[in-house]
Each structure stands twice: as C-alpha cells, then as structure tokens.
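Number of protein chains: 2
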Amino acid sequence: MQANELSSLLETELSGLAWSMQPGDLEQFGQDWTRFHQPDASVVFFPNDIAEVQQIIRLANRTGQVVIPSGGRTGYSAGAVATGGEWVISMVRFNAISDFNPIDQTVKVGAGVITEQLQQFAADQGLFYPVDFASSGSSHIAGNIATNAGGIRVLRYGLTRDYVLGLTVVTGSGEILHLNQGLVKNASGLDFRHLFIGSEGILGVVIEAEIKLLAQPPNQSVMLLALTSLEAIMSVFALARKSLVLSSFEFFSDRSLKRVMAHRGFDNPFDELHPFYVLLEFDENEAAAMDVFESGMESGWVNDGIIAQSLDQATQLWQYREGISESIAHYTPYKNDISVKISLVPAFMEQLEDILAAEYPDFETIWFGHIGDGNLHLNILKPADMDTAEFKAQCEQVNVHVYGLIQQFSGSISAEHGVGLIKKPFLPYSKSAEEIRLMQAVKQVFDPNGVLNRGKVVDS
Amino acid sequence: MQANELSSLLETELSGLAWSMQPGDLEQFGQDWTRFHQPDASVVFFPNDIAEVQQIIRLANRTGQVVIPSGGRTGYSAGAVATGGEWVISMVRFNAISDFNPIDQTVKVGAGVITEQLQQFAADQGLFYPVDFASSGSSHIAGNIATNAGGIRVLRYGLTRDYVLGLTVVTGSGEILHLNQGLVKNASGLDFRHLFIGSEGILGVVIEAEIKLLAQPPNQSVMLLALTSLEAIMSVFALARKSLVLSSFEFFSDRSLKRVMAHRGFDNPFDELHPFYVLLEFDENEAAAMDVFESGMESGWVNDGIIAQSLDQATQLWQYREGISESIAHYTPYKNDISVKISLVPAFMEQLEDILAAEYPDFETIWFGHIGDGNLHLNILKPADMDTAEFKAQCEQVNVHVYGLIQQFSGSISAEHGVGLIKKPFLPYSKSAEEIRLMQAVKQVFDPNGVLNRGKVVDS
Numbered sequence: 194m195q196a197n198e199l200s201s202l203l204e205t206e207l208s209g210l211a212w213s214m215q216p217g218d219l220e221q222f223g224q225d226w227t228r229f230h231q232p233d234a235s236v237v238f239f240p241n242d243i244a245e246v247q248q249i250i251r252l253a254n255r256t257g258q259v260v261i262p263s264g265g266r267t268g269y270s271a272g273a274v275a276t277g278g279e280w281v282i283s284m285v286r287f288n289a290i291s292d293f294n295p296i297d298q299t300v301k302v303g304a305g306v307i308t309e310q311l312q313q314f315a316a317d318q319g320l321f322y323p324v325d326f327a328s329s330g331s332s333h334i335a336g337n338i339a340t341n342a343g344g345i346r347v348l349r350y351g352l353t354r355d356y357v358l359g360l361t362v363v364t365g366s367g368e369i370l371h372l373n374q375g376l377v378k379n380a381s382g383l384d385f386r387h388l389f390i391g392s393e394g395i396l397g398v399v400i401e402a403e404i405k406l407l408a409q410p411p412n413q414s415v416m417l418l419a420l421t422s423l424e425a426i427m428s429v430f431a432l433a434r435k436s437l438v439l440s441s442f443e444f445f446s447d448r449s450l451k452r453v454m455a456h457r458g459f460d461n462p463f464d465e466l467h468p469f470y471v472l473l474e475f476d477e478n479e480a481a482a483m484d485v486f487e488s489g490m491e492s493g494w495v496n497d498g499i500i501a502q503s504l505d506q507a508t509q510l511w512q513y514r515e516g517i518s519e520s521i522a523h524y525t526p527y528k529n530d531i532s533v534k535i536s537l538v539p540a541f542m543e544q545l546e547d548i549l550a551a552e553y554p555d556f557e558t559i560w561f562g563h564i565g566d567g568n569l570h571l572n573i574l575k576p577a578d579m580d581t582a583e584f585k586a587q588c589e590q591v592n593v594h595v596y597g598l599i600q601q602f603s604g605s606i607s608a609e610h611g612v613g614l615i616k617k618p619f620l621p622y623s624k625s626a627e628e629i630r631l632m633q634a635v636k637q638v639f640d641p642n643g644v645l646n647r648g649k650v651v652d653s
Numbered sequence: 194m195q196a197n198e199l200s201s202l203l204e205t206e207l208s209g210l211a212w213s214m215q216p217g218d219l220e221q222f223g224q225d226w227t228r229f230h231q232p233d234a235s236v237v238f239f240p241n242d243i244a245e246v247q248q249i250i251r252l253a254n255r256t257g258q259v260v261i262p263s264g265g266r267t268g269y270s271a272g273a274v275a276t277g278g279e280w281v282i283s284m285v286r287f288n289a290i291s292d293f294n295p296i297d298q299t300v301k302v303g304a305g306v307i308t309e310q311l312q313q314f315a316a317d318q319g320l321f322y323p324v325d326f327a328s329s330g331s332s333h334i335a336g337n338i339a340t341n342a343g344g345i346r347v348l349r350y351g352l353t354r355d356y357v358l359g360l361t362v363v364t365g366s367g368e369i370l371h372l373n374q375g376l377v378k379n380a381s382g383l384d385f386r387h388l389f390i391g392s393e394g395i396l397g398v399v400i401e402a403e404i405k406l407l408a409q410p411p412n413q414s415v416m417l418l419a420l421t422s423l424e425a426i427m428s429v430f431a432l433a434r435k436s437l438v439l440s441s442f443e444f445f446s447d448r449s450l451k452r453v454m455a456h457r458g459f460d461n462p463f464d465e466l467h468p469f470y471v472l473l474e475f476d477e478n479e480a481a482a483m484d485v486f487e488s489g490m491e492s493g494w495v496n497d498g499i500i501a502q503s504l505d506q507a508t509q510l511w512q513y514r515e516g517i518s519e520s521i522a523h524y525t526p527y528k529n530d531i532s533v534k535i536s537l538v539p540a541f542m543e544q545l546e547d548i549l550a551a552e553y554p555d556f557e558t559i560w561f562g563h564i565g566d567g568n569l570h571l572n573i574l575k576p577a578d579m580d581t582a583e584f585k586a587q588c589e590q591v592n593v594h595v596y597g598l599i600q601q602f603s604g605s606i607s608a609e610h611g612v613g614l615i616k617k618p619f620l621p622y623s624k625s626a627e628e629i630r631l632m633q634a635v636k637q638v639f640d641p642n643g644v645l646n647r648g649k650v651v652d653s
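Note that the protein sequences, when read in sequence, are chains E and W. Using the working numbering, read the first sequence as starting at 194 and increasing by one per residue. Using the working numbering, read the second sequence as starting at 194 and increasing by one per residue.
Fair warning: there could be bad hints in the mix.
Since the list can't tell identical chains apart, any single copy or any two copies may satisfy a pair.
[Said to hold, decoys possible] Straight-line alpha carbon distances no greater than 30 angstroms define the calculated DSS-like cross-link-like pairs of lysine-lysine that follow: (1) Lys435 x Lys301; (2) Lys405 x Lys435; (3) Lys617 x Lys585; (4) Lys585 x Lys301; (5) Lys585 x Lys405; (6) Lys585 x Lys435; (7) Lys451 x Lys405.
In short, the hints are calculated from the structure, not lab data. In this text, all values refer to a predicted model and were calculated from it rather than measured experimentally.
Chain E with its partners taken away, still in its complex shape (with noise of 0.2 angstroms):
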C-alpha cells in the first residue's frame, strides 16, 4: 500500500487514533536491538486503550496488513522489527501501573511499562520483583511476557512466566481474552495465559498483566572469581551451590573482561588476567563465602577471588558482567543464546569450543552466561571491514554446527531471547517438524488471517 493511500485509509477508518509515519519514527520503531535488518515499516501506531487496538487489528484482518506490536525494542532475534512494510502497534502509552494488591502482592502493570519502573514499585512497597536482566531500563513488560525473559536470577527466582497471574490479550482476530485473572489456582480448562507467555506476539498483542511481586530477600553479596579452567565453573558452581544460597551464578571469558574494561574505561578487578571469571551473587554469609573460595583455591579451580565489602563494590563487580552486551555493541556482534541442561554444560562448552576453533579462527568470539540455567551467550564479533550480509551469512554457516551440537545435547537453540527472524531457519534444531506444524496450526487458531508478526517464529 502506498503511503498516500494508507494516509487516507487510516483517515477514514482509525480517525481518532495517534499514528506516525514521519520517517525517524518508522526507523525508530521498524528495528530492535539487532542489526541485521533494513527497517521498513509503513506507519506506527501509538494506541491509547484496548479498543484501539482492536480496531487497528480488524483493519488490518479486513485489509490483509501485518501488525506488529512493539515494546522496548530491546530484542535479540528480531522477533519485533518491521522488514516488508508492516503496521507497527507501539504500546508505549500502556504505561501505568495500578491496582496493587498488599494482601495478594500483586499489581496491574500497562504492557509497556518499563522493567525497571516495576522492579522500582516493587521496591517502594518493602517488596522484589526479582526478573532483571541488562536492558530493565529499557525493556517493556509485555516483551518480557512475550519472550519469558529470564536474566541473571532464574537460578533463584525463575523466569517472567513464573510472576504472570493474569493477561488480557488481543487476539490476532480482534477478540479480548481475559486470562487467569490474578488466580493462584485456576483449573478450568487450557491455560491460554501459559500459551501466550514467549509466544512473541504471533498470537496477540500483550495489553496487560497481573503481577505477583515476592518479598525482599535478605542482604545480599558478591563475589568474584577468577579460575583457571573451563572445567573449575561446574566445580565451583557445584562447591557454592552446597554452601550458599545462590541468587545468581555469572560466568565470562577473559576476552568480555578486556572488552568491558577497555570500553567503561575499568581496571582489571585482579593483579593478572585469568581465563575464566564467575561472578556470585548469595544471601550475605561471608564465613561461608570465604570458605567457597579457599576449597577452590586449594582444589585448583580458583586462582583469585574478590568479596565486596560494599554496595558500592557489589554494582562494580556487576558491572563487569552487565557491561559486556554494551561493550561489544557496536561490532554487530552475532548472538546465540543457547542452553544445554545444567549437568551437560561442561561436556557441551568442550565440543563446542573445539567447533569455534575450526569454524570460527578469524572471528572473535565472547563467551558469558548464567551457568546455573544451563544457559550460554556466545557473540561473534563482525570484523571492521567485513559487509554485515556477509558477516551474518558466514555465521549462520557455523550455526550448522553449533545447532547440531545443541541437538545431540537436545538443548535450545535460544534459551531466551526468543526466535523472532533470526532464529526461525534454526527452529528444526530445537523443536520436531511435528511441533513446528503444530505452532503453525495454534497460531492459525488465534490469528486466522496471519495478520500477527507473519513470518516470525515459524512460517505461516
């Protein structure tokens, strides 16, 4: 459809919704985090209630356009960029957050409030929303819900999934679906809300949530750990698990320690570099910290280790871990998001590196992730010169092996950043050609004409 003519039908038929099609917002809201598409999206919406999203979604169902919803654009896979003209539905101004609940704990929150304004609400009430992750001060809740975010706690706390007693969704035929509604216990047939959580929008647009927030935890602290083999971080995990009461489990190469110090300007936090850091997060117990940290010291799994005595000095030893997606942003860097389960990390970390070595001796390869979910992050840096087609067409080559290996270790091809365009030619890694069929023919169910995010996730 031509601008002019999509100008004059949203005139006659959306007249008093908010709408852009100025060129900086069709860039703005037609990519997200990745970088290896053209954005090209046709107009942005900017709804105001659930109406309004109803009568964009039946447009586009009467007229044959794609919707595409839209929050923080902090994504991984390009699960919400606009590649072929599609309507973009920006959820910003689903912002609020009410109906807290003291006696449930829980609270209403609009699908594009930010991660970290709940984490902040949470916190005003004396309670914890535990889901965090680096881009909370960017990312929406509903693409939270849409790819069950999970982050650095799910060792402790589990993923997005896991806080969500209810969402009220639009279909991708135009239908409000109230699901769960705040219940704890609710067994009244299919659980569409279980469904919708990381459907990535091919089902419906995200309009609300009911959350459940925990209490706060007790203090907590930090440790950082240098060791000195791959095979040390299942062994000290193993060694902390037993003593510690672990909320987070962080590991990362040397290499994403050089690239956070050279880009945040840090100091190396030890005398020396080492080759492999983990970084723990535990309800305050230093007798037994310290005790972590010399039985690995004298088993030869650590070769140094720093405690924080502050606040102050637990953000800091965060920051070489939270730093390192930001730090290698601007090499295009191309991201798998795999998981093995946990027990199987060491065998499948071995495989795989004698695979990066024979696929990948040009490119510069940076390893982290939250060991204790079994869950790795493993970015190939696109070298200065090389064309970003080209780049993304050499990895997705590697991909072959790296995604055959998951499938011997019957891993996942994205543990969380979800499938979106980026992963889909790599779902029959992870998922049976009958399950694949099956998503096809459920999506087909909520979102007959396709008019939801065509093309993400699987074909339709």
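Once you've looked at the hints, dock chain W against the given chain E.
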C-alpha cells in the same frame, strides 16, 4: 461396537497388547472418585511402552473410537470416567523412576508413578518433591500433570506445573512430542509443555515427565488454631504470614472436624468445639509461633491453639485436615472446588454463606480449603434417602447461584480438580465464550478426530 466385534478387532490389529474386557476391570477403570456416573468402558488397555500407546490411538482414529487416559482415578471432576463404551488406556505399567541427576536435581518419572513414590524417591536422595495432597498415595503423576494438581503446599511451593521440566506425550493423532526436554531456559517457540499441563487428557496422553526436585526445607512445625469467626481467618493469615515462613495455611469448619472425629474415632483436640479452625505448617520457630497465637488471642481472633511438640503430634494434627475428604466420601459429596483472589476470600465467603443458608437449608455443607491460595472446598453431603441423580440435579441448581457469585468475583469454578464432565456445563462462569471456542479449536489441532477424552472439559 459389540464386545465380540471389538475382541476380534483387537486380536487382529493389536495382537501383542495387554487388554481386559473383564467386568471387574471395566468397572474399576471406568470410574474415578466421583460417583455420579455409571462406569461403561468397552475395554481397558495396559500398554507397556509408547509405541503401544500410539497403536491404540491410531486404531481409535481409524475406527472412530474414543480413548480415555487413566491414571490413579482419584479425580473429583469425572475427567477420567468412561460413560459411553470408551476405550480406557491405563498407564499403570509406566511406573519407572529413572535418570536421576544430582547436578540438575531432576528425575524422569513414568506416567503411572504414584505421587507418594516420587516424594519418597526424592527424600531418599536427600531432596524434596513438595506437591502433596490427600490422594498422594494413589494419584498418578500424569494425572497430577493433567489437572496441574496443587494441594496443601501451593502457598509456598506452587503447583505441579512448576516442577515439570520435560514432558513426553502422544497427541490425539498419535504423534510423539518431546516437550522442553528438561531445560531450565528455552525460548524456542510456543511452549506446548505448559499447554498440556492442566489439559485433562483432551490433547494427548502423557507418557513420562522430567521433574525438578528441591533441596529439603528446614524442619517444619505444625500449629492448630481454633478461631472465633469467619472474619478471623484472613486476619490470622495476615498475622502469621508476617512472622512465620508458611508452607501451608489450611482452613476447616466445625462440621468438618466433627466428621473426622466420628470417622476416625479421634478425640476433640480442644476442650470444646469452635466455629472454625486453621492449621499452619511453617519453618520451625516456636517463639514466633507463640507470638502469633498470643497476638491472635489478644485480638479476639483465636480461641485456643496447639503447637505440635513432636513429629507424631504434627502428623496427628494434619489428620484433622487431611481426613476430611475420606470421612465424607460415603455421603457421595457434591464437591465445589472454587477459588478467588486471596484478598477477596472474606467478602466472597460472607456472600457465599448467605447463598448456602438460603439455597441449601436441608443439606449438610462441609467447608475446608487452602486459604493462602484463595481455594475453598465446599462439599454438599447427600441425604441418605435421596437418589443420586436427584441430589446431583439439586446441587446443580444451586450452582447457578454459587457460580454466579464466582463470576462476579472473577474467580474459578475449578481451582484444582479440573473440569472433566462434572464442571463442563459451568465453564462459562469462569471462561468467556471466545475462550471456550478457542479451547475447542486448539483441541482440534492436537486431536483432529476427537478421539481423546471426547466430551470432557469442552464439547468437541
């Protein structure tokens, strides 16, 4: 199909399989713990492996038969009863516990493993499987999964859903799906594992599950409090939650207590009868428990209390709560298993009491429930001289009032028992017409010929 015709079909098509057409088996496997239907199964299969389950389902597809997956048959919603010549698949031979992994803290269990066996297995490894309820000694894991079973520790540990890391199922079209395969984090498309949990056998047959175990909790204490009024229940809950780490907060009425005392020959735990009781289980903390008791007395909410001084006494106190269902079983109770948000419990109970007084003046009603989850069990006892069908019909007339109130409160007509046959007519009180339509369409995707548990949960 006539019995001799069926025999000859099975001898031809499923010659290696074990099945029975003995009247005793047909009766036993044609019913559950509800007693409102005449069992009428044609045959009971006892498959040994997944391929045999596939064969049965494929034959059912070819011949237009209906298949009912059967677990421990402890259900209260008639989700596993055979009422019209269906084929029953008993999963009793899928009773292996295997592949325990101490690092992942996971274990594989066959569909027919009994809940108590899994609890015991976990304890033998120094770990903990927290899902527990009165029928743990007979219920099968796959039945728990089919209804997303909750029970007495949901308050702290959540539902069956929260422990299922992997699920192998055979769909209604006879396809095998391996869902999630034990991963902690997996964002690779629609998560059908969560769709199957709570689906009551209408989408597929659960073959085995990978279950997450927990570290053992601290020692638990039990306290039984006699309360002065209905309103006191929530006040005591708020009070207790502040100072104790609660695992359970269970409520029952004086009538419930009298039934258990009569049925089991127990003495009254207190000097006299009180209108309501709550049973608390919590991390051992005698001082804090005493504080709760004393504050409750001072506030006029608590009349009397007992803190268990030994494990034996704790077990004894639990029997006053866990013995209720058994003590009323031979009255063919009509069971309402309803939930609202926790904060709405007091207002809901007050209005519900008015309805009961007006509509059930002649029936004995027995209250108990998991107050900390907003889940109430309301049992109506059948007068000895009333016909079962007449009794059911009368109860269903009152349901219009009870479920109308639930609808006003955005609650659930089935908190943990499922919908099955018994609650199906009342599903519209908890689910919209569109949601029910979508359930039917999703069933159609997984079970195109409607061979699985046809007529349960939704019409197909």
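Hint check:
1. Lys435 x Lys301: Answer is between: at 23 angstroms across copies they meet the 30 angstroms cutoff, but 37 angstroms inside does not.
2. Lys405 x Lys435: Answer is both: 29 angstroms inside a copy and 17 angstroms across each meet the 30 angstroms cutoff.
3. Lys617 x Lys585: within (14 angstroms within a copy, 52 angstroms between copies)
4. Lys585 x Lys301: neither (40 angstroms within a copy, 39 angstroms between copies)
5. Lys585 x Lys405: neither (40 angstroms within a copy, 38 angstroms between copies)
6. Lys585 x Lys435: neither (42 angstroms within a copy, 54 angstroms between copies)
7. Lys451 x Lys405: Neither way: Lys451 and Lys405 sit 38 angstroms apart in one copy and 37 angstroms across, limit 30 angstroms.
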